[in-house]
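Residue numbers (numbering that gives the first Met the number 0), protein chains in the order written: chain V, 0 to 693; chain U, 0 to 524.
Honestly, the hints are just simulated from the structure, not real lab data.
Treat the hints with care, since some could be wrong.
Claimed, not checked - Below, in silico cross-link-like pairs of lysine-lysine (DSS-like), each with a Cα-Cα straight-line distance of 25 Å or less:
#1 U:172 <-> U:87
#2 V:168 <-> U:473
#3 V:168 <-> U:85
#4 V:518 <-> V:502
Claimed, not checked - Distance ranges between label pairs, derived from CB positions:
#5 V:61 <-> U:329: 56 to 62 Å
#6 U:192 <-> V:635: 17 to 23 Å
#7 U:171 <-> V:663: 55 to 61 Å
#8 U:210 <-> V:652: 52 to 58 Å
#9 U:249 <-> V:588: 39 to 45 Å
#10 V:635 <-> U:249: 19 to 25 Å
#11 U:521 <-> V:223: 45 to 51 Å
#12 V:567 <-> U:446: 17 to 23 Å
#13 V:614 <-> U:383: 21 to 27 Å
#14 U:3 <-> V:646: 40 to 46 Å
#15 U:383 <-> V:627: 50 to 56 Å
#16 V:24 <-> U:64: 56 to 62 Å
#17 V:46 <-> U:493: 49 to 55 Å
No residue lacks a Cβ here, since even glycine has one placed at the ideal position from N, Cα and C.
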Amino acid sequence: MTEYLLVTLSIITLFLPVFGFATLIFFGKKFPKLYLFEVGILFTALIISILILFAKLTYFDKDIVSSLTWFILSNAPNTGTVNIELGIKIDNITAIMLFVVNLISALVHLYSIEYMRGDKRYTRYFAYLGLFTFSMLGIVLTHNLLMMYIFWELVGLSSYLLIGFWFEKKSAADASKKAFIVNRVGDVGMFIGILILFTNYKTFTFDTIFHQISIGNLPFGSEAWLTAAGILVFMGAVGKSAQFPLHVWLPDAMEGPTPVSALIHAATMVAAGVYLVTRIFVMLTADAMLVIAIVGALTSFVAATIAITQNDIKKVLAYSTVSQLGYMIMSLGVGAYVFAFFHLVTHAFFKACLFLGSGSVIHSMHHEQDIRNMGGLRKKMPITYITFLISTLAISGIPLTSGFLSKDGILAGTLVFGKLTGHWLIPVFGFTVAALTAFYMFRLLILTFHGEPRDHHKFEHAHESPLVMTAPLIVLAILSIFIFYTPNPFSPDEGWFLKNWVKTPQQVTPVSSRFDFMKSESKNINIHGEIIHSELYTETLHWAHYPAMMLSITLAGLGILFAFMFYQWKKVNVDKLTEKIKPVYNFSLNKWYIDELYDATAVGQTLNFSKVLAWFDNNIIDGIVNGSAWITKSFSNLSGLFDNYVVDGLVNFTAFFSGFVGFSLKKLQTGKVQTYIVFVVFSVIILLLIFKPF
Amino acid sequence: MSGFPILSLITFLPILGMIIVLILPKEQQKHIKYTTLIITAIQVILAIILLANYNYSAAGVYEEKSFQFIEKFRWIEISEISWLGKVKIDYFLGIDGISMPMVLLTAIISFIATISSWNIEKSVKGYFALFLLLDTGMMGVFVALDFFLFYIFWELMLLPMYFLIGIWGGPRKEYAAIKFFIYTLFGSVFILLVMIGLYFSATETLADGTKVFTFNLLQLMNPNNYLQDGILSPLNPHNLRFIAYLALFVGFAIKIPMFPFHTWLPDAHVEAPTPISVILAGVLLKMGTYGILRISYPIFPEITRQLMWWIALFGMINIIYGALVALAQKDFKKLIAYSSVSHMGYVLLGMASLSSTGITGAIFQMFNHGTITAMLFLIVGVIYDRAHTRGLNDFGGLAAQMPVYTGFVTVAFFAAIGLPSLSGFISEALVFVGAFGVTNIRIITMISTLGILLGAGYMLWTLQRIFFGPLNEKWSSLKDLEFREYAMFAPLSAIIIFLGVYPSAMLNIMNTSVNTLVSFLFNGQ
């Protein structure tokens with residue numbers, strides 16, 4: 000297999016779904032069966048992506064890059080030629096992500112055939128799924144920041160369309176709008192970050208930028224700007240991966256159809272933020288990484304505390320997604336790069352499984368989502384139950400599951416980070432969340448599937464979902480088992496996934512701006528000949544391995560134990576307990592009142608300010624315009640009056656006066672010669688008197 | 000192509016159409032409409048012919064020989080009247096990479112606006128006659144290279160616009176029309192004064208070696224042509240060039256419209272009939288920024304460099320202020336009008352960067368705003384025709400009732416928001432990239448990026464209020480698009496998507512000219 004073929008195949012997988020989108024948008028109404036075409040396309044794309052994955056891992060050690068010029072502003076004075084490129088880069092991470100995205104997308108397509116049946120915009124739904132898959136693959140394949148941003152926004156669009164798919168519901172329309180706008184907040188930061196990088200390097204291409212940084216060419220010549228650029232680009236991830244404080248859109252996004260939640264809002268799109276950070280990981284300074292670690296830790300903690308009290312099956316899963324995404328981000332922040340990506344992959348499978356499982360429950364319960372009305376479904380829906388159980392074990396970090404492997408790596412990473420940098424709060428958050436996660440996930444499982452049915456009417460009608468829906472569940476549950484990643488269920492490092500496929504890349508940031516443990520003065524060259532961390536780091540990691548594992552297993556076990564005591568065996572009266580800690584309970588139930596806070600501040604004040612400005616515009620600015628018109632008009636009225644009475648008055652007066660004089664004098668005109676002679680004589684006398692000639 | 004007066008043809012063809020319309024009896028409404036349609040269609044074809052014969056490597060800007068499709072001959076010639084001296088005014092047309100996109104835009108928008116005018120019922124004959132006259136005025140502004148001629152076209156388009164708003168407009172049409180007319184005229188006075196000042200400050204050397212005063216824009220750009228004691232001559236230590244620049248800028252700024260001269264716009268838009276709004280937003284606003292690029296920048300390069308920070312500042316104010324005021328609107332059309340204010344701010348910001356990237360972005364944004372906002376006003380028109388209201392809170396749930404319409408609305412709205420893969424994104428991104436690269440306006444640029452957030456805010460909120468949620472029963476009889484409306488939306492959407500995916504089609508036209516303009520601004524000829 001040649002590079003050229005691999006590139007061609009990747010481009011085909013990229014464009015297949017958008018082809019499906021266009022076909023369905025234009026012909027979907029006339030040919031409702033076309034949705035099968037879209038599903039077929041996705042399975043084709045899946046097969047191609049498996050080929051790519053296999054080929055990349057087997058035959059190509061180096062990254063494959065291919066690009067073309069999109070547009071060019073040539074020979075600009077002062078700045079030179081600006082060449083904007085489109086291009087793809089296939090490394091192991093890309094190949095794995097291609098497979099993950101296509102697999103989950105294909106499964107969700109399949110699942111949706113049944114789940115969405117009877118919807119009045121059935122083909123439209125599949126069209127949007129196609130658009131989403133295209134945009135997501137674009138993010139995965141791109142080799143530059145601009146294209147990343149472009150597809151970033153396009154997944155935002157497809158997410159908007161799918162969250163608001165049932166737009167007749169006001170809540171759905173609200174949620175889609177909120178998702179887009181909250182994401183835009185992060186995107187503005189990301190955009191400024193990209194601007195900083197482009198202004199300095201005249202390119203959007205990752206590798207070129209990294210190369211420039213590695214040779215000491217920093218943005219605007221300072222490390223501070225490098226940190227700023229890293230944090231700003233990371234803001235995009237804060238939005239897309241629903242990190243605190245921009246996490247508020249994701250729980251609302253559950254208004255979309257459940258398969259969409261599984262695909263977009265659990266497995267793939269929300270992981271795009273994590274993917275972005277892995278892409279820019281090498282240019283992150285210590286300060287930027289610390290910010291990222293704190294944001295991630297805080298997110299995982301806040302979301303976990305909220306998930307505990309939620310009663311909507313999808314909301315619990317949504318908050319658990321936020322929490323797990325926080326884990327991944329935190330993991331990147333503490334430098335545990337490989338485990339962040341590993342967790343991204345394992346989480347994609349078990350979380351998609353959980354969401355599709357919840358969809359299966361909701362489907363059979365006639366759109367009931369409140370877990371207080373469920374219970375006992377274990378017997379009615381055995382396949383859904385078992386797959387849900389496996390995924391729950393995985394997310395709780397129980398050995399033999401994939402989740403255990405990736406989560407344990409992250410927790411060990413935080414522990415090392417705490418020890419080496421003194422930021423102990425991060426591992427504290429990390430381990431607390433591990434316990435909380437096990438607790439609320441088992442609470443969910445128990446309330447949904449165990450015990451006695453609480454709504455008998457709905458329970459009677461409940462039934463196991465058909466094969467098109469359960470098959471994806473089975474596939475995803477199987478993929479949540481350790482064996483696909485490593486032969487030793489307690490040591491992910493020995494597995495092919497981490498040993499051969501994904502490796503921590505070398506930082507390009509100046510040595511002075513790195514964490515001590517990432518400095519390469521004390522080099523440690525691993526078997527692949529790559530420079531990763533300092534020796535101290537490796538030693539500490541070794542030290543942390545068993546304590547972290549023991550601690551995480553114990554905490555997860557405790558969480559599960561408590562969940563059973565509370566909800567299965569009823570050893571503790573939950574209602575009484577909630578009554579006792581009412582303020583804390585409400586704080587959690589109301590999601591820390593963050594939405595209320597935003598409504599009162601950012602959103603509300605912007606709206607108020609806009610009203611003030613509109614008033615200002617209408618009355619002051621336009622007032623000045625109308626006022627000056629009025630003044631001009633008044634002035635011209637005045638001058639009109641002046642003209643009428645004074646100027647014209649003078650004219651008329653002159654005429655009148657001459658007339659009057661003429662009239663008065665005409666009496667002298669008698670026509671008699673004698674009289675005239677008398678006048679003349681008198682006149683002469685008077686003249687003589689005046690001039691006195693004598 | 001040489002020798003054939005294609006620019007005169009594309010400019011004065013509508014006058015021919017107007018004469019035909021005036022000859023036709025007023026009962027023949029169909030013929031009148033088809034005449035206009037055919038005339039504007041020919042204009043589009045001519046614009047495409049221009050594009051096909053366009054030389055991408057010719058610069059134009061200040062150099063007469065690299066302008067294209069030039070037509071130049073003596074128009075007015077008065078020999079020696081007392082102190083005035085010889086008066087020679089040229090009929091001088093030509094286009095370069097700055098005007099070519101505008102000519103295309105004018106042709107396209109006029110054609111679309113004609114289709115949109117189909118349901119005009121009141122005195123059809125008068126309407127279409129004025130419409131065609133307006134068309135000539137607009138096209139003329141973009142092809143004229145002589146200041147005097149430019150000014151004539153500039154004023155020519157004012158008159159039909161006044162009547163088109165004042166007679167065919169909404170309830171407050173008289174107020175809106177007079178406001179538009181007087182406001183623009185107020186600006187024109189400044190332009191006129193500067194024009195006369197420039198005339199008496201510079202001379203052109205004729206073939207026989209004699210020097211005469213000149214209105215020729217390209218001659219006015221050459222500092223060597225100025226007289227020692229000219230009032231606007233850079234050689235004169237007491238010159239008034241700074242004041243003249245401000246005056247000229249105000250004249251153009253009113254048209255853009257730039258804060259705080261923008262309040263005529265919402266009134267004019269709200270009252271104008273749909274096709275006139277389309278023309279107003281699609282073409283007329285661009286004349287302001289075009290005038291600055293064509294006249295202010297190259298004639299006063301030193302003052303342009305001096306004031307770039309202020310231009311950027313006003314660009315930022317336009318972006319943020321326009322977006323915030325749009326957020327508070329309750330009338331659909333007014334909201335779009337204010338969004339225009341916001342989007343024209345990007346043009347100002349890009350121009351202020353004085354960099355190739357920024358100015359390319361600005362001109363591209365002028366084109367894209369033309370197509371996108373035209374579409375937005377058509378969207379308002381469609382809903383107003385059917386429901387006779389434009390209140391944003393009067394609707395809801397139309398997406399289910401009018402799916403095709405909603406599809407086009409989504410394209411237009413997301414283009415306005417700057418969604419990648421649609422044309423608006425490229426131009427906004429170029430503006431930001433260009434402006435961010437300039438150190439002293441970097442902060443302004445960073446603040447301006449808030450515009451892309453606010454833009455998403457008011458647009459999506461509008462989308463939700465009108466199209467989503469439960470269907471308001473009152474509107475359950477609204478029909479989806481008919482063929483005529485489809486014919487307006489489809490080509491505009493196609494252009495928006497095409498340029499979003501393949502921006503080179505437009506960027507390559509501008510590249511050489513913009514580079515030349517930028518280097519001229521810094522280094523002279």
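Each hint, compared with the structure:
A hinted pair counts as satisfied when its Cα atoms are at most 25 Å apart, and residue 172 of chain U with residue 87 of chain U does not qualify at roughly 41 Å. Under the criterion of a C-alpha separation no larger than 25 Å, the hint pairing residue 168 of chain V with residue 473 of chain U is consistent with the structure, at around 18 Å. About 75 Å separates the Cα atoms of residue 168 of chain V and residue 85 of chain U, which puts this hinted pair outside 25 Å; it is violated. A C-alpha spacing of about 17 Å is found between residue 518 of chain V and residue 502 of chain V, which places the hinted pair at or below 25 Å, so the restraint holds.
Against the hinted window of 56 to 62 Å, the Cβ-Cβ separation of residue 61 of chain V and residue 329 of chain U comes to about 59 Å, which satisfies the hint. The hinted range of 17 to 23 Å is satisfied by residue 192 of chain U and residue 635 of chain V, whose Cβ atoms lie roughly 21 Å apart. Against the hinted window of 55 to 61 Å, the Cβ-Cβ separation of residue 171 of chain U and residue 663 of chain V comes to about 59 Å, which satisfies the hint. Between residue 210 of chain U and residue 652 of chain V the CB atoms are about 54 Å apart, so this pair conforms to the stated range of 52 to 58 Å.
Evaluation of the 39 to 45 Å hint for residue 249 of chain U and residue 588 of chain V yields a failure: the beta carbon distance comes to about 58 Å. A hinted range of 19 to 25 Å for the beta carbons of residue 635 of chain V and residue 249 of chain U is consistent with their spacing of about 23 Å. Roughly 30 Å separates the CB atoms of residue 521 of chain U and residue 223 of chain V, a value that falls outside the hinted 45 to 51 Å. At about 56 Å, the CB distance of residue 567 of chain V to residue 446 of chain U disagrees with the hint of 17 to 23 Å.
A C-beta distance of roughly 25 Å is found between residue 614 of chain V and residue 383 of chain U, which places it inside the suggested range of 21 to 27 Å. Checked against the given bound of 40 to 46 Å, the beta carbons of residue 3 of chain U and residue 646 of chain V, roughly 58 Å apart, lie outside it. A C-beta distance of roughly 32 Å is found between residue 383 of chain U and residue 627 of chain V, which places it outside the suggested range of 50 to 56 Å. Taken as a hint, the range 56 to 62 Å is violated for the pair residue 24 of chain V and residue 64 of chain U, whose Cβ atoms sit roughly 49 Å apart.
Range check, residue 46 of chain V to residue 493 of chain U: about 34 Å between beta-carbon atoms, so the 49 to 55 Å window is missed.
In this structure, the hints that do not hold are numbers 1, 3, 9, 11, 12, 14, 15, 16, 17, in rising order.
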